[in-house]
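**Q** Going line by line, the protein sequences match chains A and B. Here the first sequence stands for residues 28 to 382, numbered as in this note's numbering. Here the second sequence stands for residues 212 to 757, numbered as in this note's numbering.
There may be inaccurate statements among the hints.
[What the hints assert, rightly or not] Taking lysine to aspartate or glutamate and the EDC-like style, the derived pairs with C-alpha atoms no more than 20 Å apart in a straight line are:
{"hint": "1", "chain 1": "A", "residue 1": "K324", "chain 2": "B", "residue 2": "E634"}
{"hint": "2", "chain 1": "A", "residue 1": "K268", "chain 2": "B", "residue 2": "D541"}
{"hint": "3", "chain 1": "A", "residue 1": "K178", "chain 2": "A", "residue 2": "D270"}
Bear in mind the hints are in silico, worked out from the structure with no lab data behind them.
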Amino acid sequence: MSETDRRPAPSDQPASPGPEPVADILGGRSRQAAGISVMRQAALVPVIILLIIVGSFVNSAFFTVSNMTGIGEQVSSLGVVVVGESLILLIGGMDLSLEGTYGLAPMVAAWLIVPVTAYGSGLLLSPYLAILVLLLVGAVIGTVNGLLIVKGRLNGFIVTLGMTVVLAGLQLGIVGGNSVFNLPPAFTYLGSGTIGTVPVSLIVAALIFIVVGLFLRYHRTGRAIYAVGGSLEAARAAGIKVDRIRIGVYVAGSVLAAVGGLMEAGRVSAVTGQQGYQEGIIFSVFAAAVIGGVSLKGGRGNMVGAASGVVLLGLVQNILDLSQVSNYWIEAVTGGVILVALILARVIGGEAAAE
Amino acid sequence: MTTTDPSAALTASPVVEAVGVHKRFGSTRALRGIDLALQPGRCLGLVGRNGAGKSTLVSILSGIYPADAGEVRLYGAPAPPLADVDAWRGKLATVYQHSMVVPTLTVAENVFLGHQPRRGGVVDWRGMREQARQVMLDWGFSIDVRQTCASLTVEQRQVVEIARALAAGTRCLLLDEPTAALERDAVQRLFVRVRQLVASGVAVLYISHHLEEVFEICQDVAVIRDGELVLTAPTAQVSKEQLVTAMVGAPRGSDTAEPALAVPARAADAARLALAEAPPCLVVDRVSAQAARGSLREVSLQVRPGERVGVTGLLSAGVATLARVVAGADRWQSGQVLLDGQRLTPGRRDLALRAGMGYIPEDRQAEGFVKLLSVAENTTMTITDWLARRLGWLSPRSRAAAARPLARRLSIVSAGLGQPVGELSGGNQQKVTVARAIVRRPKLIVAITPTRGVDVASKSLLLAELAEITAESGAGLLLATDELSDLVICDRVIVLVRGEQFTEFTNPPFDREALISATEGLRSGDGSSGDSRPAGPAAAEGQEPA
């Protein structure tokens with residue numbers, strides 16, 4: 028924020044020289060704490076390994092490069108939304124409408140690109156401008172949610188539930204319930220392009236996880252997010268601009284959901300009316316975040332956990348696809364497996380996990 | 212009482228007994244071989260510094276934690292397994308400092324929470340109300356059992372909790388710092404109730420930081436230090452000095468009686484007093500504010516650099532409101548607050564902080580720290596803008612470097628700067644809150660009841676530290692408190708009555724009696740030591756006692 032009032036850090040306070048027993052204990056303690064937190068973060072690794080073994084038995088095509096990159100491509104759009112939802116969960120909020128944004132933002136962008144005959148607006152906007160609009164749509168939705176929840180003091184659950192339905196309605200409304208195909212390569216590159224054999228979407232999603240993870244750990248605003256989620260009142264009393272951070276996080280979450288939507292549209296080379304709300308992706312988003320140890324109560328969780336939650340979910344989905352479970356049963360099985368994964372995460376991660 | 216008296220047959224034997232109880236938390240030995248017995252019809256005071264093991268002992272006696280070694284005996288028999296909630300019910304009840312009533316339910320529902328009287332399988336509402344009323348009547352409590360607990364005062368909620376325990380037939384009460392949130396009058400009424408309970412044969416364990424309370428109502432006293440009972444004696448046979456010595460450990464100098472009263476008379480104090488001629492750093496100009504916990508009406512005051520100004524009054528007098536308004540934590544409706552000549556925006560804590568306002572909030576559990584975050588992070592939460600490098604990136608190392616000198620200076624006892632503050636004892640949590648306020652080198656420190664729930668030794672350390680910081684840095688101090696012993700470090704004390712400035716004491720040391728009568732809205736007839744003078748036009752009103 029303001030750099031003008033920068034003053035010398037108060038490290039020149041009277042410090043008694045001499046032996047420093049505190050430091051010893053500190054070293055031991057922080058190493059131990061770091062050990063525990065790494066263990067917590069890595070809690071899902073055994074489960075993921077187990078899944079890979081199971082998958083290899085189920086189908087020999089499972090543990091192949093092409094299948095693995097396929098999983099990567101499939102989960103990256105979900106992963107980007109999970110990053111957004113995790114940020115919102117960390118400040119102690121929740122946003123159900125991310126699935127609406129995930130569908131509507133790419134739909135608006137696609138609608139601006141394609142001609143009227145393909146159910147577009149006829150504006151024939153450049154795909155680059157359209158992507159800008161897509162980000163803007165995300166930002167506007169996030170701002171509205173944030174203002175209603177933070178300034179309007181409305182309940183986040185009900186606001187974003189209502190918003191979900193509004194967004195899904197708009198998504199169908201502007202194209203009369205049709206799907207938009209024939210999208211320009213610039214628009215689908217993020218979702219379907221590859222660098223070598225690696226999908227662009229996977230690289231971008233991984234970068235987003237890393238950047239947001241570092242931001243949360245080493246940036247003052249990232250730390251303020253943990254403070255706000257841990258205790259709103261304490262953060263306020265410490266002079267943190269609580270409202271600004273909360274609204275900002277809602278905006279960031281929605282923009283990330285829009286980016287995730289763009290990836291998905293690129294992957295399937297179309298924007299359908301079903302994308303987002305009617306697919307019900309919000310359940311997977313919450314499941315991945317919570318399995319990954321992001322607390323629904325706020326203030327607890329990190330990107331390593333969230334990423335492993337996403338990977339776990341992707342593996343389960345893929346194994347079920349390969350094991351040829353009947354289409355009618357696949358949802359029941361997926362839901363059951365997610366519940367089991369939640370229980371496992373709780374058992375392995377201890378008290379704090381999965382709450 | 213309609214309930215049977217299970218202790219009648221065994222009057223001489225203890226109701227609750229801890230035999231050689233050990234408890235470990237990780238590497239910390241919280242309790243080491245505690246032997247403690249509660250006798251029917253006696254009140255045992257349990258005192259000790261923060262972190263000595265009082266809370267752990269209470270948790271074990273009330274069946275929240277198992278003991279690692281040793282056993283708890285109830286009415287002469289081994290205590291039931293922890294999971295068997297029903298077996299514990301009616302045997303013993305704990306009343307905590309923080310209220311455990313459900314605010315949305317009625318008094319009657321709270322009294323019978325979890326085991327409402329039934330009739331044909333459904334809750335017998337009329338019967339429940341009747342029985343609750345009967346309990347209140349039996350024990351001389353006067354609370355309408357039909358109102359919801361949200362509308363009750365802190366004192367009344369405590370009564371509801373005691374009534375809940377009694378309704379279950381409990382003959383043993385553990386009171387964990389019951390007076391921490393009560394006003395003086397309410398404390399006296401609580402004492403009357405406790406005496407009444409003890410007289411009827413109930414065994415009471417009374418935990419408090421206030422030694423004078425222990426002397427007032429306890430027959431016996433036990434001192435716990437570092438997980439061991441170091442002294443158990445009838446209250447009549449020990450002196451306050453002996454208790455303090457036992458609590459602190461090593462024999463101490465002359466300041467044993469009331470350590471908090473030892474005002475730090477340091478060389479820096481001379482420099483501080485020289486600042487008294489400087490223009491005020493804080494000007495509060497006819498501020499009026501509406502607040503649930505006490506409104507303000509046209510309050511004006513000034514604090515000069517280095518000056519320590521106390522504000523006190525009854526709970527509803529607006530003392531905390533004034534401090535919150537000044538700190539930027541609450542809005543105000545009219546008037547203005549200036550810090551170093553700069554006008555502050557109502558209710559903007561972030562702007563107040565940047566203008567140089569340090570803030571030690573009243574409710575440290577809610578506002579003082581983020582319990583999941585580390586000591587270092589909480590301590591430096593107010594200065595992340597100073598610590599951050601380009602683009603706001605912040606290294607944990609610079610945080611630790613900034614926090615370490617303060618942690619050492621305030622002797623914050625933790626397993627390291629990386630330990631979450633939620634795991635520290637109450638006194639150390641409060642030190643973190645203080646560190647967070649002073650780390651930014653404020654021009655003015657606003658502190659609300661900074662020593663509440665803090666043990667005697669930490670209390671004097673905190674007060675001395677606040678005094679020293681103001682002396683060193685020339686920061687002003689606005690100390691809002693209802694604990695009169697906090698006021699020893701103040702140069703002036705302003706007394707609020709019903710949101711208005713009632714009088715001001717300008718000559719320390721302040722006379723306790725005069726202060727108390729002033730908070731009640733009574734004019735003391737020319738106080739012996741405290742030079743009391745009426746303050747402004749507001750003095751005409753508020754004459755009648757509250």
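**Q** State the violated hints by number, sorted upward, taking the hints as numbered earlier in the document.
**A** Violated: none.
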